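One-letter residues, chain by chain:
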Amino acid sequence: MSKERILELRRYKDIVAFRSGVEAPTAFHAKNLEVAEISEELWNHLVPSNLRSSLPIEIGNSTENNEVLQAAEEWLKEENPEVKSGAVEFGIRNLTINVTQICNLHCTYCAAGGDGTYGDPVKKISIEKTLPQVKFFMEKLTEGQSFHISFLGGEPLLYPEAIQMIGEYAMEIGREKNIPVSFKVTTNGTIINEKVLAALKLIKCNIVISIDGPAEINDRVRPQKNKQPITGKITEGLQILLKNKEQLGSIGLHGVFDQNNMEIEKAYEFYLSLGVDWFEFTYAVNEHNDQLNQEYMKKMSLIANKAWNLGQEKELRKISNFNQNFKLLDAQQRVENHCGSGKSLLIVDARNRLYSCPWTVGQASEQMGDGTQLDMSKFAALKESLVEKNNCGTCWARFLCGGGCMFIHHGKTGNKHTKDPEFCERTRFLVSLSIMYYKRSREASQNNEV
Amino acid sequence: MGKNMNKKSHIKKTKPQKTEKPNLSAKGPGEGCIPIR
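As you go down the protein sequences, you meet chains H and Y in turn.
Per the numbering used here, the first sequence starts with residue 1, numbered consecutively.
Per the numbering used here, the second sequence starts with residue 1, numbered consecutively.
Using C-beta positions, here's what the derived DEER-type ranges look like:
hint	chain 1	residue 1	chain 2	residue 2	range
1	H	K225	Y	K15	47 to 55 Å
2	Y	S9	H	K233	53 to 61 Å
3	H	E265	Y	T19	28 to 36 Å
4	H	S365	Y	K15	45 to 53 Å
5	Y	K15	H	D290	33 to 41 Å
6	Y	S9	H	A444	19 to 27 Å
7	Y	K18	H	S365	43 to 51 Å
8	H	E128	Y	K15	50 to 58 Å
9	H	E295	Y	T19	31 to 39 Å
10	H	E128	Y	K18	40 to 48 Å
11	Y	T19	H	K177	26 to 34 Å
I should point out that these hints are in silico values taken from the structure, not numbers from a laboratory.
Owing to the predicted nature of the structure, the values given are computational and were not obtained by experimental measurement.
No residue lacks a Cβ here, since even glycine has one placed at the ideal position from N, Cα and C.
Only chain Y is shown next, with the shape it has when bound in the complex (with noise of 0.2 Å):
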């Protein structure tokens, strides 16, 4: 976590959890208006 506390505690950040690379081309409608990447 030490690296998470830093900045005299003002700053506590928020560990992502690990996942796959998403997929950007996968959203699409629903997924939006239809916005596929």
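One chain only, chain H, in its complex shape (with noise of 0.2 Å):
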């Protein structure tokens, strides 16, 4: 199978160097995050690699008295003091709640059981089970320290009043502790009425709202349960959130991509109709199909090119997928673990039991406690890093990547730490992409400095 290629690397060690069309050779310093543009000469000395590999790539001993890779040695062998570690010290600072299990649309790709639920239609989490466990977690936080809350579902607009009253209920947690409490939800944005917006502004919520494109292709891939259209209520209720933005958090759009959708540009342009914040692309976590995998490339690098086309870095960091890479990047903060599943974050099902992930909610041998009970031996097993758990160590986006999702490994290979090939390609060409766009970032706002 012929492979189209988007953009040519190389590799020398810890140096990786991308090149597309004419532009300078881009180089990234695997452990110091330090972007450079490099000169041909060192371009010509690395050594042809692709996204599929992770190979740190040696030369022999043929460094010695060639003036150019003596370059690149110094630079390897540089400490760059501002590169922050990305450790997780053990501490629950974030706790995704399903508030209730019931959804009234019934997405193609659902990886909530297929319908919302997980298998279990609960239909309201007990709000007198759940204040505790917040009150627990939260009490074991340190001045300096801060709280995150995201409501998920099935639709977690359903109940309104969960959301209201633990989001209150965390805010007097958080004054009394001086400990800054946000929130978000995630939401189908369906069922925007008064009792919903009132619960949103009352915790100036952020909120993601899943939405895969115009009608034409989000009806067919998130219908409602009776099949009836929704995406024009979807984008009535989303007007009325832009009307009260200024007493509510960021307002994103969410979309999944996989077999069934792979329209990224159409989206990207019906996204940016809607005037909200920020948007992202996701390629779906149990989709595994490498072509649908190059496809995804292709369109997110088309609409990389749109964006930075349309408005440069603003517009190009509007799309998260590669805001992050920016923000990591800027700040040199190496990611160790690609979420804090285990370690900084906990899912609270509709039955208060806990969870590592979203997606593995109601499998029992994932449970990892229940109520405000900890089973310790299955947070021990989460506790090393998971760019050494999962052998990342010769790969040079580890530091941008974190180790890559546990969930995706797992249905890929059977094993959470045996690491999907195509995830792993996926994340080297969108930190790839990231980074040649970081450069030109950069170069263009140090060129307004002067």
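Two chains, two frames, a set of hints: combine them into the complex.
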């Protein structure tokens, strides 16, 4: 099968370099998180590699009398004092709470049991059991730390009373302990009424609406249970949210792409027309298809180019897939865990059981505890950094990826610590694009300063 | 620019923009499949 080459990649130890079109090659120092333009001579000395490979490529002992490779060796030896560790200390600072496990939609790719229920259609979480859980985790925080609650489901806006009560309670503890508390709801956006709006405003909630494109696409992949179209209702609801934006947090759109829909460009154009803060394009966590993976990467490259042409860094960074890498590169912040699973993050299901991942809710083997009782042996198994545990030591993207998604790895290989090569390729691609645009952006801002 | 033009111009480093330390906890979905740190 022929694969169209979107970018050229070369490698030497912990230096990787990319080239796309006629621009000067961009290099990245994997450990120091430094980005640089390199000379044609150095590019020519690096060894052609590809996005599938994590081999660190040595060039034998031929570097000794080679001035060009000596420059690379010197760069490799440097320690960047600005680089911050990505180690995550144990302590739950993020709770994702399934306030209901009922959903009014029936999305084709639903990773929550196919219908938002995880196989257990609990209508309402018990507030009496949830508040002590929130207190239990927040009590352990110290000043300087923060706490975050994500409301998820099912469709969480089916139970706005829970969002309001849990939110108010967490804010009260936050005030007492001087701990900032933030909130987010991931919703299908179909139920924006007065009661919902009041609850969201009260906690200045950040809002993520799941929508996969314009009506002709979204109604096909995210239909109601009765198969009737719903997209018009979502855009109406979004307009209400945007009118109340000052009393809410950020508003973003989240699309999931898989074999049923890979129309990323159409989604991008549609998202742009809606006037929100940001958008994200996610490859479905349960999709494993190499050809689709290639198509996803190609389309992400196309929308990155569109965004850049539209408004350079500002527009590109509205796409969170790129923005997250920009943030890490500017802050020189390493990531050693793709997510805080079992370290800083827990999921509370609608029966108040605890899990380490939103997608393993309901699986007895993945349960981390119940109420405020934690199964510490399960936490011990997730203690090590994922970059180490998943053997990412030779991958150049390891400190911007953090070892990858354990759920996706498990779905492909049957083992959460044996990596899915498609995930790695996709991630390396998004990171490499981010790095190339990052260099362009910083050059543009430095030129503006002059 | 002196420091950035080292290694006989083979490597010209890009200067990061000063920024606040990102809140690794703020990443979530969208924000990935929900990768929250």
